[in-house]
Each structure stands twice: as C-alpha cells, then as structure tokens.
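> Chain by chain, the residues run as shown.
4 protein chains.
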Amino acid sequence: MIIIMDSKATDADIQAVISALDERGYGHHVSRGVERTLIGAIGTPDGEKQAMSDRLMTIPGVERVVAILRPYKLVSREHQEETSTVYIGTAAFGGGHASIIAGPCTVETEKQTLEAARAVKAAGAHCLRGGAFKPRTSPYDFQGLGEDALKILAAARDETGLPVVTEARDVRHVELVARYADAIQLGARNMQNYDLLKSTGEAGIPVILKRGLSATVEEWLKAAEYVAAEGNLNIILCERGIRTFETITRFTLDLAGMVAAKQETHLPIILDPSHATGHHSLVQPMTLAGLAAGGDGVMVEVHPHPDRALCDSIQQLTPRNFEKLMERVGQLAAALGLQLG
Amino acid sequence: MIIIMDSKATDADIQAVISALDERGYGHHVSRGVERTLIGAIGTPDGEKQAMSDRLMTIPGVERVVAILRPYKLVSREHQEETSTVYIGTAAFGGGHASIIAGPCTVETEKQTLEAARAVKAAGAHCLRGGAFKPRTSPYDFQGLGEDALKILAAARDETGLPVVTEARDVRHVELVARYADAIQLGARNMQNYDLLKSTGEAGIPVILKRGLSATVEEWLKAAEYVAAEGNLNIILCERGIRTFETITRFTLDLAGMVAAKQETHLPIILDPSHATGHHSLVQPMTLAGLAAGGDGVMVEVHPHPDRALCDSIQQLTPRNFEKLMERVGQLAAALGLQLG
Amino acid sequence: MIIIMDSKATDADIQAVISALDERGYGHHVSRGVERTLIGAIGTPDGEKQAMSDRLMTIPGVERVVAILRPYKLVSREHQEETSTVYIGTAAFGGGHASIIAGPCTVETEKQTLEAARAVKAAGAHCLRGGAFKPRTSPYDFQGLGEDALKILAAARDETGLPVVTEARDVRHVELVARYADAIQLGARNMQNYDLLKSTGEAGIPVILKRGLSATVEEWLKAAEYVAAEGNLNIILCERGIRTFETITRFTLDLAGMVAAKQETHLPIILDPSHATGHHSLVQPMTLAGLAAGGDGVMVEVHPHPDRALCDSIQQLTPRNFEKLMERVGQLAAALGLQLG
Amino acid sequence: MIIIMDSKATDADIQAVISALDERGYGHHVSRGVERTLIGAIGTPDGEKQAMSDRLMTIPGVERVVAILRPYKLVSREHQEETSTVYIGTAAFGGGHASIIAGPCTVETEKQTLEAARAVKAAGAHCLRGGAFKPRTSPYDFQGLGEDALKILAAARDETGLPVVTEARDVRHVELVARYADAIQLGARNMQNYDLLKSTGEAGIPVILKRGLSATVEEWLKAAEYVAAEGNLNIILCERGIRTFETITRFTLDLAGMVAAKQETHLPIILDPSHATGHHSLVQPMTLAGLAAGGDGVMVEVHPHPDRALCDSIQQLTPRNFEKLMERVGQLAAALGLQLG
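Protein chains in written order, with my numbering: chain A, 1 to 341; chain B, 1 to 341; chain C, 1 to 341; chain D, 1 to 341.
Quick caveat, the hints were computed from the structure, so don't treat them as lab data.
Incorrect hints may appear among the rest.
[Claimed, not checked] Residues of chain C placed beyond 12 Å of chain B at every Cβ, according to the derived structure:
#	residue
1	Asp6
2	Asp11
3	Ile14
4	Gly25
5	Arg32
6	Gly146
7	Lys198
8	Arg250
9	Ala260
10	Pro285
11	Met286
[Unchecked claim] Heads up, simulated DSS-like pairs for lysine-lysine below, C-alpha to C-alpha not over 30 Å straight-line:
#	chain 1	residue 1	chain 2	residue 2
12	D	Lys111	C	Lys49
13	A	Lys8	C	Lys324
14	B	Lys198	A	Lys198
15	A	Lys49	A	Lys198
16	C	Lys111	C	Lys121
17	A	Lys8	C	Lys73
18	C	Lys8	D	Lys49
19	A	Lys121	A	Lys324
20	C	Lys198	D	Lys198
21	B	Lys73	D	Lys8
22	A	Lys324	B	Lys8
23	A	Lys8	B	Lys324
24	A	Lys49	C	Lys8
25	B	Lys49	D	Lys8
26	C	Lys151	D	Lys324
27	B	Lys49	B	Lys8
28	D	Lys8	D	Lys49
29	D	Lys151	C	Lys198
30	C	Lys151	A	Lys73
31	D	Lys198	C	Lys324
32	B	Lys198	B	Lys73
33	C	Lys151	D	Lys49
34	A	Lys49	B	Lys111
35	B	Lys151	A	Lys49
36	B	Lys49	A	Lys151
37	D	Lys49	C	Lys111
38	B	Lys198	A	Lys151
39	D	Lys151	C	Lys49
40	B	Lys49	A	Lys111
Predicted model, so just to flag it, every value in this text is computed and none were measured.
Cβ atoms here follow ideal geometry from the backbone N, Cα and C, with glycine treated the same way.
Can you make the complete structure from the sequences, with help from the hints?
Structure follows, in structure tokens:
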C-alpha cells in the first residue's frame, strides 16, 4: 500500500498513519515530496488489506490509499505463469486448445435433448449443455425440470459420448449436479453468491464460472479465487456480456476484457455469444471473433426447433446453422493454428 | 403483445404469426398500415408471455414484439393503488412514514454492537442493523460471526427496544435469521438469487430487498414479485446505488429511479447512502436528498470507532455525526410534513 | 507520479525508468519492497504529465503508473478553498445562495416566451432560460430560431427583469449569444468540444457548463479548466444526468456525484432535473433532493402549454406546477437555511 | 406510432388522443383489448414524430407511445439493401473489402510521420492516419500542429501513395482538412456536434464517423444521417469502444454492437482497437476479432518510437509489431475470403 497524504496534511497526521501501521504490524517508509508526502506500507501482515486500507482513509490528511498487490493469488499469472489447460471429460480448454460446448438452453424433454445432442455431436461439438435449474427473472416463467433434466442429460451423454455441463443455481443443487454432470456451471447472477462458490470449490469437479452482468474483471477473478481457495483449480471462466447502456444487443460482449483478463489469470476463458447477444444472427460472428481474439472455447445454444423452445427462442441456433458455424470455426482454427477439442 | 412486421413481410409471414397465436390460444387483430403491418395478440393465456414473445421473434418477417402488460403483478400499483405501509417491529415505512435504520456494518463484538445500538437509539433511530453473514468480494476477508452475531443483535434489541435487521446470504441462513431478527435483508448481489427470494417469501417476516448493482427498476420489481408470489407482501425495497462508469462514488445512487419505481409499485422504498456512496462525508447530503425526494426511510451505517472497524471504515458515521444527521433529518421532516418512525 | 514495477522487473528495467525520468528533468526515489519496487518521480517539469506517464508504461517491467496530483488546477479547491459565488445578472449561485433558472425548452414564438417569462417571474424564478440553437439528435427535428430567439429572450428580459441564459451550440454562436444573453450555456454533448470551451472562456461572460452524458467528474472539471485557463472563472457547473443502463428515467441524475464534485472544486454546481429525468412528474422530487443535497441552484423547464411544445413536451412543467414547486422550494430552503436568489 | 392507454384511461382520454392526432393530420385506428386500449396513428405527416410522440405523452391516460419507424432513413437498409462500398482514394471499405488505416496518433515532425508512413506502407497498410488537430481532455496537453501537420501528411502521401485520413475538430477546420486530406475523421466526442456534421456533409469528401463514448447504435446512425442529409453518403462508421464500468481496458470495444449496426445500415463499419482498448497488447487480438466478426476495416496507431510519442504511447504499435499484425491479418482474410484493400 502507498498512502498519499493531501497537500495540507500536518506532521501529526503523518504520525497518526505511522502509528496505525505500527499497531497492525506494518513497516513504513516516508517520502516527502514538494507537493505531497507519500508513506509506503511495508510487509503484508496476515488479515485484511482492504479493511486496513479503509481504516487508513479515516485518518485526517489521508487523501488516497493505493493498493500495490492484486487482490487474488491462486488464479493469477504471478502464481502460475503458463496458461492452464482444464478438461471437461476429454474436451480441453486453454493452452492452445479450444472446445465447443453446445446444446439447448433448457432440457425440455428427453426427445428434444437427445435430438439436440445428436445434432451437435454430428456437427463437431465437444460438450453438451442444457439447463436443469433455470434462473428466471420472473417467478411466473418455467424454472426447469430439476433432477429429471439431469437424468436426461446423463442419458444423452451415454448415447453420444459428449461430456455434460449444467448449471447449479443454489448450494442445495451442487451435490446433485456433481453426481450427474461433468462440469458445474455458475450463472452470471450467481457470480457473487459466495456460499455457492465455496460449495462448488469443495465439490472438486470442473467449474464454468460466468462473469457477472456488472462485474469488473478484478471482481470476476476474486470470485474465481473463492473456488480456488477451496482447492479446486479446474475453473473455466466464461465471458457472457456485461450490462451497458446499449440495448441493441441483450448485453455487451466484452472480448477485449476477456483478452485483458487472460493477461491477468492463467485460467482458460471461453465465451457465450448466445446469452451475450440474445440473437441467433449474432452468434456466428461473435464466435469467430471470440476465437480470433484468443478465446479458449465457446458455449453456444442449439435447439432442434427454436420456434418452439420453452425459453430464449431468439438466441438458439438451429442444427443446420450450428453446422454452418462449425464449418467456419474449422476454417478459422486452421488459419490461426488453434487446436479444436 | 403487439407484433410489428418488417416492411418486407409477406402475407405468408403474417399468416405464420396468426397460426402461432392461434395454436397457443391467443386471439389476434391485424392492422395494415402504409409502411408496416401490426398484429395485436388478444387474451393472456396462462403460461409464459416472455417465451411466446421470443418464439414469435423467430418467425420470418417479424421485426419486433412489444409487450403491453407489466411483467409483475402483486407488487404493482395496478394491483394496489395506495402505497403500503410496512412495519419492522414498531417502525413504519411508507404511507407518509419514514424510519431510520442505523448500526454497524458488521457485528464485531458484543461491546461494539451495544455501544452502537445505544448511540443510535439515543440519537433517534428506529431500527438497529448489523451484519452477521457478510458477503465479501474476497475469500480472504472477514465473513461475519454468524449465529453469534445474531445473539448479540438480539441482546441489543432487548436492551434498547430497537427492532433488528440483518442479512441472510444464503437459503441456509433464512430460518436462523428469522428466529432472531425482525426483518431479513437481501443484499444487492443476491437480488436475483431466486431460491433465496423464495425461501424468504416463505419465511413470512418483513424483507428488505436491495436493488442489484446492475438491476433495472423492472428487474428489481420482478425480484420482489418472487417474494410476493409466496404470499409475503411485507417487502421494503432499498435503493443502494447502481454500477456506472463514475467511480468518484462507490456506486451511483439513483434517487430519480427510486421515485420512478415508487410510481410503479405500492411497496415502500428506502435508501442506503452508506453503501451507495462509500464515503461518510456523502451520507448526510444523500440522506436529506433521499427523504426530500420522497424516500420512505434510510439505512445508515454507524460504528462507535470507524477507524477500527473490521470493514467499510470509510463509510461508517461516528455516533456524533449520526446525531448531527438526525437533527437535520428532523428539520427536513418537519418542513416537508413527513412523519418519522 | 509513482511508478510501480512488476514482480519480475530486473535492475535493467528499473534503470531504464530512471534514465527516462532523468532525460525529462524529473528526480527520482527508488524504494525496494518485498514484492515490488516503487519509483517516485520527483518534480513536475513543465509539459505533459499524461504523456510522460504513458511513455513510462512502454518500458518493460513497468506495471502501473499512479498519478499523485489532480489534472486540473484553477477550478480545484487546492487552488481556492472557499466556494465561489457566481452571478448571472443579480442571481447568485454558490456560497450559501441558490438560484432558480426557469423557462421553456425552446423559444418558439414571442408570445409563448413572454407568457413563460411572466409566469416563472411571478412564481419566484431568478433567471429565464430558452433555447435559440437547439442540439437535436435527428436532422429532421426543429433546430431553433437562432438570432430571432435571442431577440425574443432579450425582450422578455426587458419586460420581466430576469437575466437570460441560452445555449451556444457552436463557436460561431458564441459572440452572438454573448451579445444578447447574460450567461452562455454549453450543452452536455458539447462538454468536450474544446474549441467551443476556449471561445466561451475568451468571451468572458458567465458560463453554465453541463456535464457530458458519459463524463466522469474528473473529465467535467478538466473541461471547466479549459474555460478557466482563458481567464474566465465565472463558471457554474450543471449536473444533468449521466447515461447508464437504467432507462425508466431518460438519464440517471447523479446527485452524489454532484456533492463529491463540490468537494473537489470551488465552483458552484446546479442541477437540471428536467433533462436528467425526462419526465415532469420527477422534476419536483429531484429539485427538492438536489437542493437538500447542497446544490447551488436548479434549472427547470416551464412551458405555458407543454402539450403543444415543439420539443420535450413530457418534461416541461406547466406554470401552475412550477408555482407549486417554488412553494415547496421555499419551505425547504427555510428549513435548511439556504438563501434563494 | 402506437399509443398504449393505461388500464384506467377513460373514453374522454381516448377521445383527447384522437383529437390531437386529427389536429396534426394523422389518421387513427382504435383497438380495445381486455386490459388496455391501443390507438394506432396512421400516416406520417411531415414534421417531427418525436415531438408528436412527446406531446401525446402529456395527455392523461396515455401510458406509453411506441414508435414503429426508424428515426433515420438514408443510411438504413430499408433505404438501400446492399452494403455500400466507400472508397478513400483507392482503398475500399465494405461489400467484401476491408482496408487497414495506420499511422501515428499525432503528427509530431515530418521525420516521424514519414518514418511511420514508410513502415505502414511496407507492411501493407492501405491508408495513412495522423492527427493535426487533437482533441485533448486537458488544456495543458499538446493540441497538435494544425495546418503544418496537414502539409506533412500531404508530403507523406506524395512519397508513399497512401491516401490520408485526419481529424477535423471544429467547423473551422473542415475546409482546411478537405483541402489536404482524402477523408475527414470526426472524433467520438464530436459525434453529436451537429454543426460539424453538417459542414462535413457539405464538404462532400469521405467521412469517418466515430461512435460517441456513450452513443447507442441508433444515435450513431442518426448522427450519420446528419451527414447523409447534406447529400454526402461517403460515410464510414468507426466503432471505437463505449464507456462502461469496466476500466481494465480504456473503453469497451462493442463488436456485437458493430455487427448489429451493420444489420441496420448499409454503410461500412470499421474499428479502432487502439483507442478502444488503450493498450498495444490488445490491438492484434481485437483487430483479428473485428475482421472475423465482419468489420470492413481497421484503424491502427503505429509510431516509429512509441516510447517517445507526444501522446498515447501505450496504445501505439511499433513498426515491427504492425508487420506481425499484418501477417496475421493476411492469414485470417485468406481463411475467411475477405478482400484486403
């Protein structure tokens, strides 16, 4: 931490900062400039840096406290320099590998899910997705089939060999989802559901952690740190759009933020162009853009009959359009030297 | 719903929309204009309007679907015209009454909490707040004392008579919090934790529902509808700032949004200037502003020694500053004809 | 400036920073911590701090450069501690005084403008506003009457005695507006029109500088610095809402940002609840809120017949509603010890 | 327009809407539903739709007015279905062609500019950029060399054959810039400088119109309409990032918004990854992403010695890195069937 004193800070103010640092076990180093005095806090005693920074801010004459170290450790590139490769079943994410996760928004029936699974498998997808516990903004909307959906997904895996990804919406779902699925997805609105993060960390299976609608990259990595701190580093981050003033797309897909995040963390990052844009016509351009930018995979919604889907009809691709998408993905991957799957 | 066809829509496209409406039990009314054909969907069959709207959007020639009805019912002014008055213990919120909730960010010790409780009681507060289960952005920060904190809060109520408000962070806390506290608070990051909303609705005690960092007023009211749909209408909404590009304050307190929300819902709305601004020097001006705008109460953080607090030192008022605040609040309330408590 | 080196910076990297500082005339002070080396740049050679900071960022091993000093001078409280009082004619803004500016969005006819002027004068307003050069988002919308409008405004001043405020949209309007009006308004979309800022600074008459839709407080004050740098410190800032994801109001009125800005600058700040909210029903609550928060005045749109206005019908008050507003403003000002006019 | 009456609207309210429509020359069509009455306004009398919509909103019982038609014409795909190809000199943008514009942020000296021009030419760029009139957020920063810079750019064109693009910051620069350059750039902060838009429209030479920091796609297209309405359809739009809460990049590059905008307009759209991200390490990934998404070109900052640049050191590429970028661009274009230049 660097404590920046304001231009009117007195010697007594400076001394008060030093005493506060002493009391908590920090060393200090004072540097008196022409217009400002700076105090460097030395050492990082155990406990809470944020709280200490806040406390210092209450001392008269303190203008600002600048943090020097990052607020996450295990997920940072300082902790591990090379990019991690995380596996969901046999599908690899990161370290030059990109995998495609595809399937319906929601598991509606066994027939619909199997149809989708076969179609995405045939087109070259590496994992199957499908919602069992749906987070819905209205209590009057369809909330998912729960465990029945999990059984259907497991059956689809048995038939197609595709590893299965599905969302846990609540701590009470974690164990259940872990029993059936190959990876647990945590939704954007749950990115800061800390109890759910911890439970998922404890469960130990691969986690797909979506970025919150209004989460900074730093907060996203701090959320991942909650999972990592439980000993689970099988984490794949997923950029799914942030909320901005622009409404022509449902959210604003932040690909530059994804790349900047990859410079900070060794964890692989994929993107979800379906939820980010909310429109099927934008899924192919954004998939290609995301992979060209260096994304480690893509999650795409595919439904055998989008016009009859129980939710998110607009953003789901038909099997035919997914096939076309995979063709273009293949061309792009070849040109860029990216390994699929 | 109104379905707006694009300028190149064919008769077959229009017919496809009509068939889709028929199939789901809607009537229809076609209006052919010079530049666009509009189709009004008549009736509101049970089930999901959003899903139907999305499905219609997949039909060729459909440019846009405009919803006519609001996506929430029980909390709307269409359902109940007059503003509700909700009570936490004896403190009234709404319908011309405004109450002040005050206390420390976190319950740290019995001594600290009792000291805060006595001070805010003496200065005229109507409820006591204090965190037992703290949602923290970093796993390495202090997470609260849990049930011990609840016992301390109950003791503070016994001594001061102040009703007690505290946060439940997870479904597993709801029953526990309901046993000790007079109202359950749901945090901004949990506004769309749907399972928690339902549990809290079922618990039946008063709920303070904070607005999510990036939640629109519409989404906030839909979240409240989750609680209401379980039969619990003892809901107080709390504006606590939204996330914007501006960082001179921690969040952007949206007072105009609060007033606009009050035009939509009969539920009372309070504000939390401490979390919204993140700085003690902004708490008094924003408290006065919020009450002048028509807010039904305020939640303010007060700590006997902010410079030693375990979290949020910068935003907590000293007892002396809270006393000054309450004096100004009294003058304002008198001038505006607002009943405190 | 403090240069924070990354954890892998070598001695050669550190030396490169020192050389770069030397070359530009800065002194330096190196502080080697356990995890990071910090380099303090000493002295502030003439020229561009931002450019220097950017250049240092290109040196390998530099993680971050933290600015110590504020990027504006003349408008800051470091330059002048006490709040300025700025006058438009006889109306005072700041230093315990708040004035009310009222009038139609646009000057449409002499009759309409005089009717509005008489009404706002009778209700107690201190200045008259009215648009002559309108910035419109569509080229097909009414763009204002230009110099004819300026003449009408001058006639209204002659009759009512109210000083007149109107907008200059372009450098070519500045001289003209200065000839007729008592203050020049610069619109939100022109906040970073630097040539216009300079021209207005040179013109020397009072300026109302609206905050840009997406301007941070820091950028707003830097824009004011452009005017001040030309020797004109008769600047009144005007908070008029920022663009956020929330659309229930047209913009998000940032009252906490206004108060935080007042802690940074000695310039008075008023608010424009009409444009910020876009709805007449929100004007009164936000006016009261803004004054309760410490605003130095309010600009309100009033039209004799809003239902016939050539623009912004929704947000303009009727004379009757403005009268009611002024009554409440009087009560509030009395309670808070605020001097009107 | 569709006028949606609220659930309590009376027959008199409905009649008032009809009278207002009649008076202004609109036909009408009333549709009484179970919960709401809708009134369709028929015909589009000349004049201002937005003003009419606003006026209707002042009538009691009117809940909402929904616009049916887009607020821009000449630039829309309804007006022209196929994508336009716009030329700057010989460089083509749109219709399957993408061109690369490269050069320094600012023209500093003849030597620096020629060095940059030769380097980008050698690496395969199609146009040269360089700032003569710089919009700077601080009055104390370097503001550009003005006409001297224009002469240097012209000299660089003479030597390399690259067409030249440079910014006009003010109406007074338009004629001058048009005399020396092959295209006029309008900056993000000037996107709603309507007088500048008109002047540039009148000048008739190709225009690069950057998206405003907080402009919606709709507002961006309305700004382009200002240029088009003067008879100039040689418009290239440029996505350069919008302002959001995320600060790890300077702005948030909105590639999905770019693709959505291309569905609305026939104008070509390019991107500026240098200004959008603010960091050279993000320029290559975002260039590839933008072209993969369907962008019609890229504008990239290249400086012979970024560490000595007078501004924006961090985001400018070295000639060597630009060369690498162009290699990757070549591979990508080949894979996607995109014609460069």
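> Verify the proposed pairing of B/Lys73 with D/Lys8, using a straight-line Cα cut of 30 Å.
The given pair, whose Cα atoms are some 16 Å apart, holds under the 30 Å limit.
> Please verify whether C/Lys151 and D/Lys324 have alpha carbons no more than 30 Å apart.
Answer violated: C/Lys151 to D/Lys324 is near 61 Å, above 30 Å.
> Next pair to validate is D/Lys8 with D/Lys49; report whether the Cα-Cα distance is within 30 Å.
Given that 30 Å is the threshold and the Cα spacing comes to 26 Å, the pair holds.
> Just double-check C/Lys198 for me: nearest Cβ-Cβ distance to chain B has to come out over 12 Å.
Given a closest Cβ separation of 26 Å, the condition holds.
> Sort out whether C/Lys73 lies within 30 Å of A/Lys8, counting only the CA atoms.
Cα-Cα ~16 Å, so holds.
> Any Cβ of chain B at or closer than 12 Å to C/Gly25, or is the non-interface label fine?
C/Gly25 is indeed farther than 12 Å from all Cβ atoms of chain B, at 32 Å.
> Holds or violated: are the alpha carbons of A/Lys121 and A/Lys324 at most 30 Å from each other?
Satisfied, since the Cα-Cα distance of roughly 14 Å is no more than 30 Å.
> Hint check: A/Lys49 vs B/Lys111, CA-CA at most 30 Å. Holds or violated?
Answer holds: A/Lys49 to B/Lys111 is near 24 Å, not above 30 Å.
> Does A/Lys8 pair with B/Lys324 here, judged by a C-alpha cut-off of 30 Å?
holds, 26 Å
> So if I understand the rule, the pair passes when the alpha-carbon distance is 30 Å or less; does D/Lys111 with C/Lys49 pass?
It holds: about 24 Å lies between the C-alpha atoms, which stays within 30 Å.
> Could you check that no beta carbon of chain B comes within 12 Å of the beta carbon of C/Arg32?
Answer for C/Arg32: holds, closest chain B Cβ roughly 25 Å.
> Going straight from one Cα to the other, do C/Lys151 and D/Lys49 come out at no more than 30 Å?
At roughly 28 Å apart (the allowed maximum being 30 Å), D/Lys49 and C/Lys151 satisfy the hint.
Hints 8, 9, 10, 11, 13, 18, 26, 30 and 31 from the list above are not met by this structure, while the remaining hints are.
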